[in-house]
Structures are given as C-alpha cells and as structure tokens.
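Q: So the sequences go chain by chain: A and B. Just so it is clear: in the first sequence, position 314 is 321 by the working numbering, and no numbers are missing. Just so it is clear: in the second sequence, position 213 is 220 by the working numbering, and no numbers are missing.
Hints are computed from structural coordinates only; laboratory data are not their basis. Keep in mind that a hint or two might mislead.
In this list, chains with the same sequence are indistinguishable; a pair is considered to hold if it fits within one copy or across any two.
The list that follows gives simulated cross-link-like pairs (lysine-lysine, DSBU-like), each with its CA atoms no further than 35 angstroms apart [as the list claims (entries may be wrong)]:
| # | residue 1 | residue 2 |
| --- | --- | --- |
| 1 | Lys59 | Lys158 |
| 2 | Lys302 | Lys158 |
| 3 | Lys316 | Lys59 |
| 4 | Lys302 | Lys153 |
| 5 | Lys100 | Lys187 |
| 6 | Lys350 | Lys302 |
| 7 | Lys153 | Lys316 |
Each chain, written out:
Protein chains: 2
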Amino acid sequence: MKNRKEARWTRAVEDHQAPSHSLFDSPQTFCYAPRRFTARCDEITFTPMNIKDYLEQKRVEVDRFLDSVSPPATTAPTTLHESMRYSLLAGGKRVRPILAIAAAEAVGQPSPGLMPIACSLELIHTYSLIHDDLPAMDNDDFRRGKPTNHKVYGDAMAILAGDALLTMAFDLISRPDLMKGCDPARQVRLIQELAYGSGNMGMVGGQVFDIQAENQDIDLPTLQNIHKHKTGMLIRAAVRMGAIAAGAEDRQLDDLTSYAEDVGLAFQIADDVLNVTGTREELGKNPNTDAERGKKTYPTFYGAEGARKLADDCVARAIVRLSPFGPAADPLCELARYITSRKN
Amino acid sequence: MKNRKEARWTRAVEDHQAPSHSLFDSPQTFCYAPRRFTARCDEITFTPMNIKDYLEQKRVEVDRFLDSVSPPATTAPTTLHESMRYSLLAGGKRVRPILAIAAAEAVGQPSPGLMPIACSLELIHTYSLIHDDLPAMDNDDFRRGKPTNHKVYGDAMAILAGDALLTMAFDLISRPDLMKGCDPARQVRLIQELAYGSGNMGMVGGQVFDIQAENQDIDLPTLQNIHKHKTGMLIRAAVRMGAIAAGAEDRQLDDLTSYAEDVGLAFQIADDVLNVTGTREELGKNPNTDAERGKKTYPTFYGAEGARKLADDCVARAIVRLSPFGPAADPLCELARYITSRKN
Chain A
8 MKNRKEARWT RAVEDHQAPS HSLFDSPQTF CYAPRRFTAR CDEITFTPMN IKDYLEQKRV
68 EVDRFLDSVS PPATTAPTTL HESMRYSLLA GGKRVRPILA IAAAEAVGQP SPGLMPIACS
128 LELIHTYSLI HDDLPAMDND DFRRGKPTNH KVYGDAMAIL AGDALLTMAF DLISRPDLMK
188 GCDPARQVRL IQELAYGSGN MGMVGGQVFD IQAENQDIDL PTLQNIHKHK TGMLIRAAVR
248 MGAIAAGAED RQLDDLTSYA EDVGLAFQIA DDVLNVTGTR EELGKNPNTD AERGKKTYPT
308 FYGAEGARKL ADDCVARAIV RLSPFGPAAD PLCELARYIT SRKN
Chain B
8 MKNRKEARWT RAVEDHQAPS HSLFDSPQTF CYAPRRFTAR CDEITFTPMN IKDYLEQKRV
68 EVDRFLDSVS PPATTAPTTL HESMRYSLLA GGKRVRPILA IAAAEAVGQP SPGLMPIACS
128 LELIHTYSLI HDDLPAMDND DFRRGKPTNH KVYGDAMAIL AGDALLTMAF DLISRPDLMK
188 GCDPARQVRL IQELAYGSGN MGMVGGQVFD IQAENQDIDL PTLQNIHKHK TGMLIRAAVR
248 MGAIAAGAED RQLDDLTSYA EDVGLAFQIA DDVLNVTGTR EELGKNPNTD AERGKKTYPT
308 FYGAEGARKL ADDCVARAIV RLSPFGPAAD PLCELARYIT SRKN
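Isolated chain A (complex conformation) (with noise of 0.2 angstroms):
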C-alpha cells in the first residue's frame, strides 16, 4: 500500500516537473571530467571581460533593489523588519541572483520582473541562512562577518525573520506593481521553480541529509546527494528562473540547467575547501567547522587540493555547455571560474 502510494506521489512530482538531466540525476558520475569535455572548453573563445567589475555592478544594483523592497526598520513590527535587513543586508556575495540575472543575459531576451525573481532566490539564500545558524541548528555565531542574526535580535526573532524573509520571496515575485509586464503563465512557472528547489525535495531536503549526515561514515555518493541538494537545487533554480524569465527555448533550458548543476556542484566543493583553508578574516565566519563537527566533506575524501581539481573539472564541464550562446554567456562563464577562484 505504502509502495503504491509512493510511486503515485512520485510521479505526480515528476510530472509536473522539468525534464530530469541524466548528469545531476547521477551524481556518481559528475566527479570524473573527461578530456573531451576539457579540450571542448578550450576552444571556445570569449570576449574579455572584468568579471570583478560585472560582479561588482550587478551585486550594487541587487543591493538597492532589495534595500528598496525591504520593510523599512521603522515600520511595526520594528524588530522584525530590523533583523530581516540585519541578515538581508549584510553584504552577501549575491551569487544566486547575479546566476539568474547573466543567465537570463545569455537568453537575451527582454525580462520583464528580472530583479525580483532575481532578488527571491536572496531571500530564501538569507532565511536558509538565519535557520541554519541557530542554536538548534549549525549554532554558529558569525556570519559575513557580522554576529549571526540570532546573537543579535534572539532565536524566536531570528526563527520568525526567517518566515518573513521565505514568505517574502513568494509576495517579491507575485506583486503585480513589481511583476508588470511579465506573462502570468511565465510567473507561476516561475513561482513552482522557486518552491520545488527550495523546499523539501530541494534546498530544505538537502539540509535534512546534512544534519542525519553529522557523525556518521558517509561514502561519497551520500556526499553528493548532501551537495546536491542543500546548494544544487536552489543555484539550479536561480539559473533556471533567469532562463525562464528570458523565455528561454527548452534546448536553450537543458543547457543552462546542465551548466547550473555543475556550477552547483563545484561551489558547493569550493565551499567544502574553503572551510579548511580559509582563514576567519576571509570567511567571515569561524573556519574548519565542518571537521569539528565530524563532518566528511570533499576534501576528506581527496584532500584540498584533490576537491580543487574536481571543482575545476565541474567548472570546465559547465562552461562547455555555454557555447551555443556565444558571448551573450560570458558573465556565466566567467562566474563559473569565479566560483572556484574566491576566497569566501
């Protein structure tokens, strides 16, 4: 009984899902990078570009745009808008956002609503973020250098910022003042592409098999569903969401998507190596929690530099399937080598 009912649920979830893509259906088989792949990715030449300065410009505009849909800190309940800036206007890196804004560039197409569909995928990054530090959670005091939200404002209010900030996301992209223009069919779509990568099948899911993971002598393909997961499916959103809001072609689609979860992937190893090679002044946070812990990350099972290869490989991988879309791919593309290359 129990089976049949499974199997029914499933294949509602699928049906109503995206075509699967075999390389992040079978994680097993992302962390070997074959030479063609590589030798492909060498041949594509791409317009020079600063991509510090792309960075730079696209995280200032996302910066204003959320300042400006945030609840000002003087408006009931003041305790509550106030810790949702603290945690939301912390200088973030912005990566999710900027994904789906250079992904959406690479379909070039006009966007209408690109900065909140853009900017929701922030608000779930920071809410997630806020949740997993609490006490009950990961309990870490500091983050983006800063004391975590819960240090501050105390975990109830840091619990209910979380809400507000998940909640928000959903009324950023469905508020017609902020939406106009955008096909309503387009907008739901979008709206299911933000839920399913962020919820339990999703981003949340992926939390749940990190903490059942704490301690325990996981092997590696338990690893990468963790990695697959807890950051795959929410970067795999942002990009998809950017491709959609661009009305992107379903060819179009599958190659953005196959870039995404590689790139998903090989942040989530960078992170991984990170934590063991960065230093508190560059993290913003403590490093080496996850061996405390007694977590296995990348690097325990092929050590820093080992993990730093596999994470070039993904990178390679990914920007391979950029090609179709010549230089409008560029930002993409050279946000993939950023992943790799940043020190927080």
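Got chain A sorted already, so can you dock chain B onto it with the hints?
A: Chain B alone, transformed into the frame defined by chain A:
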C-alpha cells in the same frame, strides 16, 4: 530620509493591495456591536443545514487531499517527511481551508484548483504552529492532543519541517498538475494573497507583536492589533482566496472581506476564552497558558463572559455581510456561528 523612504515603501505596499476596509483598519470600532447590525442579522432567514455534517464532510475531503499531496514518509529525506506528516495530518479542524471552500461556494462560480488553494492555507497554519511551539518561542509540549513536533523529532527537524511546509504551500498553489484550468493571472493573485496574509505584514508580523506583548501592560488597541495580524490576516486570506478562486466581483469580495475580518476577530476572542475556560481534554493542549505567561487577552479586559459576548457581536456583524449571497452563503454563516460555540 528614513521617513521619506518609509512613506515610499508604505505606498508601494498599498498600491498593490486590494482596497482597505474601514472596519479592519480601525480595530477600535469592532468591539461595539451597533444595534442595527444585530437587528438586520435577525431578519435574514437561512435554510437550515447541519453545520456539523458540512464541517465533517469538508474536513474529510481536506484531510484526504493533504494526505495525497504530502510526501510519503518512505521517501527520502524520510525523517523530514515523517515530521511534516506528523503535524499536518494530526487531525486539525481545517477551519481555514473550509472557510476558503465555503467562500467559493458563496460566490457560486466554478473554481479550478480550489482544493490546493484551500489546503495551502492549512500548510501555512501548520508550519506556524510547529514554529510557535518551539522552546525558543512558546515552548509548548502538546498540540492537537499529541506531543508537539519538536518533542518527537527534535528542534532542528521541527524548524526544517516548518520551513518545508511553508514552502510547500507555494509549491501546491503553483503546481500545473493540481491547478489545471485555473487562469494564471488569477493564480498569481491568489499567491499574492497567501504571501501577504502570512508574511511580515500578516501572520508572522502578528506573532512578533504577540511575543513583544508578553509580560507587558498592553492596552486594548495593542491587543486588537495582535489579533488582527496573528489570526485575522490568514483567515482574511482564506476567505478572499476562496472568493477570488470563484471569480468574485469587487463588491462580493468587499463583503466577504468584511465577513472574514469579523470572523477572524471572533475566532481569536473565542480562542482566548477557551484558554481560560477549557480543559486539557477539550483543548488537546494545556489550558490557562496565557495567564501563566502573563499575557493579556480579551478575558483580561472583559472577563470570560464579556469576551464571549464580544465574539458573538462580531459573528452577528459578519453574518450581515452575507445577505447578498442568499442561501449559497449558508455554510459561511454557520461557520461563523460554530467558531464561537466550539469547545476546542
């Protein structure tokens, strides 16, 4: 500078919201039940119906639907899905989904996707209970006659189950397989109603007002403000979403919004009274917790009997707004009456 920014933000919020309603915006007025309301209410004749049968039938339908769309406990991450199901399928009264369904019936037009729309409200309600019961919040051990979620699954899993249920509400209402036939523009409007009613300016905001009032010598307007947000906004969203799903005209939506605002207040006052007068068996949780926490509630200001009378006045006023709908609004009428007469 701040004031101008706040004004701009407030205006932006107002712009994208439905017209405000004087009763709801001036909570000070609602505790008086003008004679004409009571008189007009008595003049309305409703077809007799058995509200208990209606509630039971709808409750079974809602439960069945929630069960069918909830991830099976055998699907990974199993503990998360077990924890979500534990609270979601714990036998709640399903007041919010039933209000949405009854509002759609009052309008009387076909409402594709009504069940996922209605059940999204129960997902929001359930997540808020899980988070509210956490040790960092109300620290409650029992809910709906069973140990609270964190007592069974631990604090971390309870936080994540709440996050997943919140996200699932927006997943449900944007799933193409479940929402087939619903006009996408209407769907976006429904998502906006849900987000607004449950977020920082709605339910979550109300929870913050509530926490801040603990052990404070609050006055009546402050208490009304808490109730308006904490319980009122989601009940308002429930009725409005049902009405919008059925294609309500502006005037119908106005009437049903007023109905919802009065019913929401009645519901919370009745809850406060039950907290004083109910037994643990009736409530499924410990009684008199408000007084123990030093919370001022309606019975503090009016006594249990006076508060009950106030709730009755709200119900009478709510029912008056149903007269344009005729017998189609019988369930809404009976639901309003049931809300103040219930024992849990």
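Q: Take the hints in turn and mark each one as holding or not.
A: Right, here's what the structure says about each hint:
1. In this homomeric assembly, Lys59 and Lys158 come within 35 angstroms of each other (Cα to Cα) only inside a single copy, at 32 angstroms, whereas the closest approach across copies is 48 angstroms.
2. In this assembly of identical chains, the alpha carbons of Lys302 and Lys158 lie at most 35 angstroms apart whether taken from the same copy (24 angstroms) or from different copies (25 angstroms).
3. Taking the shortest Cα distances, Lys316 and Lys59 sit within 35 angstroms of each other inside one copy (23 angstroms), while across copies they are farther apart (66 angstroms).
4. With identical chains, the CA atoms of Lys302 and Lys153 are at most 35 angstroms apart both within one copy (24 angstroms) and between copies (34 angstroms).
5. In this assembly of identical chains, Lys100 and Lys187 lie within 35 angstroms of each other by CA distance solely inside one copy; the values are 27 angstroms within and 38 angstroms between copies.
6. In this assembly of identical chains, the alpha carbons of Lys350 and Lys302 lie at most 35 angstroms apart only when taken from the same copy (21 angstroms versus 49 angstroms across copies).
7. Taking the shortest alpha-carbon separations for Lys153 and Lys316, only the intra-copy value of 31 angstroms comes in at or below 35 angstroms, while the best inter-copy value is 51 angstroms.
Hint check: no violations occur; every hint is consistent with the structure.
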